[in-house]
Amino acid sequence: MSTQTADEADEFEFDESAVKRKRQLGKVFLGLCFAATMVGVVALIALLYDVVSEAWGWLTWEFLTYPPSQVVEHYNPANYGDLPTGPGGMYPMIVGSIYLIILTAIFTLFLGVGAAIYLEEYAPDSLLTRFIEANISNLAGVPSIVYGLLGLAVFVRAMQTGASLIAGALTLTLLILPIVIVQSQESLRAVPDSMRQASYGAGATKWQTIRNVVLPEAVPGIMTGIILSLSRAIGETAPILMVGAATTLFAPPSLTDPSGPFGAMPMQIFEWAKLPEENFQHVAAAGIVVLLTLLLLMNAVAIYIRNKYDPRG
Amino acid sequence: MSTDTEPMDLSRDGNDVGTLGDRLARYIFFACAFVTVATTLAIIVVLVDGAFDFFSQVSLVEFFTETNWSPRAADDPSFGVLPLVWGTLMITVGAALIAIPVGTLTAIYLSEYADPRVRKVAKPTLEILAGIPTIVYGFFAISFITPILQSASGQIWFIPVPDTFNAAAGAIVVGIMIIPMVSSISEDAMSAVPDSLRNAAYGLGATKFEVSTQVVLPASLSGIMAAYILAISRAIGETMAVTLAAGALPQMTSNPFEEIQTMTAYMVEIGTGDASVGSIGYQSLFAIGLTLFVMTFLMNVFSMWIRSRYREEYQ
Chain L
1 MSTQTADEAD
11 EFEFDESAVK
21 RKRQLGKVFL
31 GLCFAATMVG
41 VVALIALLYD
51 VVSEAWGWLT
61 WEFLTYPPSQ
71 VVEHYNPANY
81 GDLPTGPGGM
91 YPMIVGSIYL
101 IILTAIFTLF
111 LGVGAAIYLE
121 EYAPDSLLTR
131 FIEANISNLA
141 GVPSIVYGLL
151 GLAVFVRAMQ
161 TGASLIAGAL
171 TLTLLILPIV
181 IVQSQESLRA
191 VPDSMRQASY
201 GAGATKWQTI
211 RNVVLPEAVP
221 GIMTGIILSL
231 SRAIGETAPI
241 LMVGAATTLF
251 APPSLTDPSG
261 PFGAMPMQIF
271 EWAKLPEENF
281 QHVAAAGIVV
291 LLTLLLLMNA
301 VAIYIRNKYD
311 PRG
Chain G
1 MSTDTEPMDL
11 SRDGNDVGTL
21 GDRLARYIFF
31 ACAFVTVATT
41 LAIIVVLVDG
51 AFDFFSQVSL
61 VEFFTETNWS
71 PRAADDPSFG
81 VLPLVWGTLM
91 ITVGAALIAI
101 PVGTLTAIYL
111 SEYADPRVRK
121 VAKPTLEILA
131 GIPTIVYGFF
141 AISFITPILQ
151 SASGQIWFIP
161 VPDTFNAAAG
171 AIVVGIMIIP
181 MVSSISEDAM
191 SAVPDSLRNA
201 AYGLGATKFE
211 VSTQVVLPAS
221 LSGIMAAYIL
231 AISRAIGETM
241 AVTLAAGALP
251 QMTSNPFEEI
261 QTMTAYMVEI
271 GTGDASVGSI
281 GYQSLFAIGL
291 TLFVMTFLMN
301 VFSMWIRSRY
311 REEYQ
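Residue numbers (my numbering), protein chains in the order written: chain L, 1 to 313; chain G, 1 to 315.
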């Protein structure tokens, strides 16, 4: 009996140093976690600083409005005055990228929203539906360069579109389609069923309900998803490289005849970054600043739409 | 959708009503959804068909066992894919060594420790990292990381002088690139752990550190593993950053400061060159592409399987 009480006393004896050690361990761990979070933030700041500082002084109005040049001196603003050919820039690539995105947007809008409508509104809970959904999440994980191979073999070779704007846009469409479908599905799912029931109650058919009730409600979410996906597509290099995007193209591609050669910003940046002359690093950096600015604008539009129309945030 | 009773189907689905458009809509939308299935089929057909041409000239044994990759050498070309796989492996392992600890700790911080205001700033910031084009990471590697490694090689004894193109710089930027992937999926998994589990542990006298590492972490393990696998699969398929940073010299070296070539970088090399259709270079593109596709496909399926198999339902 007496030994038991002694044991109990031991058990409840308070070891100050152990508690202190635990507290310290906790603090060290919190410090580690915080430091890890900062790694990402610091890397982002370093990346942006690096790009902007390299581009400083090289990003001019002429850079945005003139075609590229093979000679690095043509890009240097100090030489602009006495150039017979005019300064070097990335105008055709900027236009090419914008056209590429416009075409991709049109294709994705129809295919992505259409597929999402089918899966959310029509699809029965069958094996086929589950297979389609599993397949979509799988496609999202396929490396972008594999899509490039697909575009090369199917669009460029088999359909004989050549290394054209249309081949690039179709390849990018397939690339972002899985993401667009999943995000559109989420927007459609957020539309309350009571609205559908009310529409049916008023005698509307299924398609009328989707067209007049579900889609208008889901459009802000769908648009946000599409714009964000497009901002991913505009920065993709590997797929358009495999499809055969041109470099040092002197005129922008034609939107009305999308079967000619095309250039795009990331492809041109890759070409510049590869070149050994040191000054081409500055040119590449200037190109990156233009690309990132465009990305930022697209993201801002997407966030604006989301905040304006979606009270759920 | 979350109502207990299934809402009555008033949609007149089975009835043949409405205009032609009403009746056709279902099939049009099904066609859109079917495009995704067709895409997968097309990828498989294209890769297998191209690879078939390649393997009719190169034996599978040579492809998977030879350690020399020089498909375009005029005399005595060699087709051992191992150096390219080795290059990809170096980048992937290096990137995982960075992204897994950093991403996991970030997720723990954001899910367990961070003040809501800090989280509100930190999360979108990390998401920006995920939205930056990979070509920009490649530029960052050659214009920032490699110079740092070069200057560090004189000061820190274990860093040898790196090549202009080296695996380490590629692995570092790919690691940074996949941090948000690890952290956001892991954080989702950790946030899904119900507070009752945490409170039970606190009630037993556990510290916050113990709750985070011994309760939340094990409870969300399946989600975290899925995040790791997805991130690694992404690193395997990463193209532009490693092409710019790690170079174009297929070799099996154990020194991460030497130039290497990954499978994806090789595909870029052929893609930018003028490999004519039917040439062995063009065909090798599809053999490598198929290898890459199979690797990432298996990892994605494995990740989905883990998530569905081990997901603890906390609803």
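Note that these hints are calculated values from the structure, not bench results.
Some hints here could point you the wrong way.
Below, computed lysine-lysine pairings styled on DSBU-like, alpha-carbon distance capped at 35 Å [as the list claims (entries may be wrong)]: (1) G:Lys120 x G:Lys208; (2) G:Lys208 x L:Lys20; (3) G:Lys208 x L:Lys308; (4) G:Lys208 x G:Lys123; (5) G:Lys208 x L:Lys22; (6) L:Lys27 x G:Lys123; (7) G:Lys123 x L:Lys20; (8) G:Lys208 x L:Lys27; (9) L:Lys274 x G:Lys208; (10) G:Lys123 x L:Lys308; (11) G:Lys120 x L:Lys20; (12) G:Lys123 x L:Lys274; (13) G:Lys120 x L:Lys27; (14) L:Lys22 x G:Lys123.
Simulated restraints on C-beta separations [stated by the list, open to error]: (15) G:Thr19 x L:Arg189: 25 to 31 Å; (16) G:Gly131 x L:Ile106: 58 to 64 Å; (17) L:Asn79 x G:Ser279: 40 to 46 Å; (18) G:Lys120 x L:Ala158: 21 to 27 Å; (19) G:Lys208 x L:Arg189: 33 to 39 Å.
Take a look, some chain L residues computed to stay more than 10 Å from chain G by CB distance [claimed, not checked]: (20) Val41; (21) Phe270; (22) Ala273.
Using N, Cα and C, we set each Cβ at its ideal position, and we do this for glycine too.
To see whether the hints hold, each was checked on the structure:
1. With a CA separation close to 21 Å, the supplied pair Lys120 (chain G) and Lys208 (chain G) stays within the 35 Å bound.
2. Distance restraint check for Lys208 (chain G) and Lys20 (chain L): the Cα-Cα separation of roughly 14 Å lies within the 35 Å cut-off, and the hinted pair is therefore satisfied.
3. A threshold of 35 Å between alpha carbons decides the hint, and for Lys208 (chain G) with Lys308 (chain L) the separation of about 39 Å lies outside it, so the pair is violated.
4. For the proposed pair Lys208 (chain G) and Lys123 (chain G), the alpha carbon gap of about 22 Å is at most 35 Å, so the pair holds.
5. Only pairs whose Cα atoms come within 35 Å are accepted, and Lys208 (chain G) paired with Lys22 (chain L) is accepted, the gap being roughly 10 Å.
6. For the proposed pair Lys27 (chain L) and Lys123 (chain G), the alpha carbon gap of about 22 Å is at most 35 Å, so the pair holds.
7. Between Lys123 (chain G) and Lys20 (chain L) the CA atoms are separated by roughly 32 Å; this keeps the pair inside 35 Å, and the hint holds.
8. Taking the CA atoms of Lys208 (chain G) and Lys27 (chain L), the gap is about 10 Å. The hint holds against a cut of 35 Å.
9. For a cut-off of 35 Å, the pair hint linking Lys274 (chain L) to Lys208 (chain G) is broken: about 49 Å separates their Cα positions.
10. For the suggested pair Lys123 (chain G) and Lys308 (chain L), the alpha carbons sit about 21 Å apart, so the restraint of at most 35 Å is met.
11. For the proposed pair Lys120 (chain G) and Lys20 (chain L), the alpha carbon gap of about 32 Å is at most 35 Å, so the pair holds.
12. Restraint check for Lys123 (chain G) and Lys274 (chain L): the C-alpha separation of about 33 Å stays at or below 35 Å, so the hint holds.
13. With a CA separation close to 22 Å, the supplied pair Lys120 (chain G) and Lys27 (chain L) stays within the 35 Å bound.
14. With a CA separation close to 29 Å, the supplied pair Lys22 (chain L) and Lys123 (chain G) stays within the 35 Å bound.
15. In this structure the supplied range 25 to 31 Å holds for Thr19 (chain G) paired with Arg189 (chain L), their Cβ-Cβ distance being about 27 Å.
16. The hint said 58 to 64 Å for the Cβ distance between Gly131 (chain G) and Ile106 (chain L), and at roughly 22 Å that hint is violated.
17. Between Asn79 (chain L) and Ser279 (chain G) the Cβ separation comes to about 41 Å, which falls inside the hinted range of 40 to 46 Å.
18. A hinted range of 21 to 27 Å is violated for the C-beta pair Lys120 (chain G) and Ala158 (chain L), which are about 49 Å apart.
19. At roughly 36 Å, the beta-carbon separation of Lys208 (chain G) and Arg189 (chain L) lies within the given 33 to 39 Å, and the hint holds.
20. The claim that Val41 (chain L) is not at the interface with chain G is violated, since a C-beta of that chain comes within 10 Å of its own (minimum 5 Å).
21. The beta carbon of Phe270 (chain L) is not kept farther than 10 Å from every beta carbon of chain G, the shortest such distance being approximately 6 Å.
22. Separation of Ala273 (chain L) from chain G is inadequate, the least Cβ-Cβ distance of about 5 Å not exceeding the 10 Å criterion.
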